[in-house]
Amino acid sequence: KNQVEQSPQSLIILEGKNCTLQCNYTVSPFSNLRWYKQDTGRGPVSLTIMTFSENTKSNGRYTATLDADTKQSSLHITASQLSDSASYICVVSAIFGGGATNKLIFGTGTLLAVQP
Amino acid sequence: DAGITQSPRYKITETGRQVTLMCHQTWSHSYMFWYRQDLGHGLRLIYYSAAADITDKGEVPDGYVVSRSKTENFPLTLESATRSQTSVYFCASSEPGQGVHEQYFGPGTRLTVT
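Protein chains in written order, with the working numbering: chain E, 1 to 116; chain H, 1001 to 1114.
Simulated from the structure, these hints should not be mistaken for lab results. Any given hint could be a false lead.
Estimated spans, in silico, between C-beta atoms of each pair [stated by the list, open to error]:
id	chain 1	residue 1	chain 2	residue 2	range
1	H	Glu1095	E	Ala68	32 to 40 Å
2	E	His76	H	Asn1073	38 to 46 Å
3	E	Pro116	H	Arg1009	28 to 36 Å
4	E	Glu54	H	Ser1028	35 to 43 Å
5	E	Leu14	H	Ser1069	33 to 41 Å
6	E	Leu14	H	Glu1095	38 to 46 Å
7	H	Thr1077	E	Ala79	39 to 47 Å
8	E	Asn55	H	Gly1016	30 to 38 Å
BS3-like cross-link-like pairs, simulated, lysine-lysine; straight-line CA separation at most 30 Å [claimed, not checked]:
id	chain 1	residue 1	chain 2	residue 2
9	E	Lys71	E	Lys17
10	E	Lys103	E	Lys17
11	E	Lys1	H	Lys1057
12	E	Lys71	E	Lys1
13	H	Lys1057	E	Lys17
14	E	Lys103	H	Lys1070
15	E	Lys57	E	Lys17
16	E	Lys71	E	Lys103
17	E	Lys71	E	Lys57
18	H	Lys1057	H	Lys1011
19	E	Lys57	E	Lys1
20	E	Lys57	E	Lys103
21	H	Lys1011	E	Lys103
22	E	Lys71	H	Lys1057
The model shown is predicted, which means the values in this text are computed figures rather than measured ones. A virtual CB, placed ideally from N, CA and C, is assigned to each residue, including glycine.
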């Protein structure tokens, strides 16, 4: 069964600190792994997308890693800001429909609160 | 650039009523999707559409109906709403041929069925 599990469920950190969020998955056939940021009351917004051959990708203060052998990914946030408070969702994409599009399997997210 | 919009943003309805959630995208993307988001679950796919007049079921299609007469619109109808359909609904769109098939999400519709 295709599954994406994230940890921790929630996290509180102080502004300026770093944090790392974890994602484990069992998805086949694997296409790519994405991290989304979802602010309260908004739709998810893509932060990074990594294919099988990529093991790290950065987007500003966000750095995602992927270990396709162990089927694990992490999202590291550096020098956190109050605006980083959001839910971070790990999403694994499976090849679907003969490759015409991808089927997304969503984790339940890690709720991050950055406090001043 | 309006992108992808959903309406209404909030809706309260009674059990048994029919309700339609609207989704509109301005990018002319071929693919459109409807998801629901509930506590304790990741987003789950309800229906998707590969093009106008082509739709298919996702993971949780029961109780929902979709149509796609125009590329830019993808309405989702709950024919007889039930309390279990209380959720936040997200529409998304994507275009094949852009490598990783990035999906772009709308702002969501919060539906409460009383």
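Practice problem: Hint by hint, work out which the structure violates, then give me just those numbers in ascending order. | Solution: 1, 4, 5, 8, 10, 13
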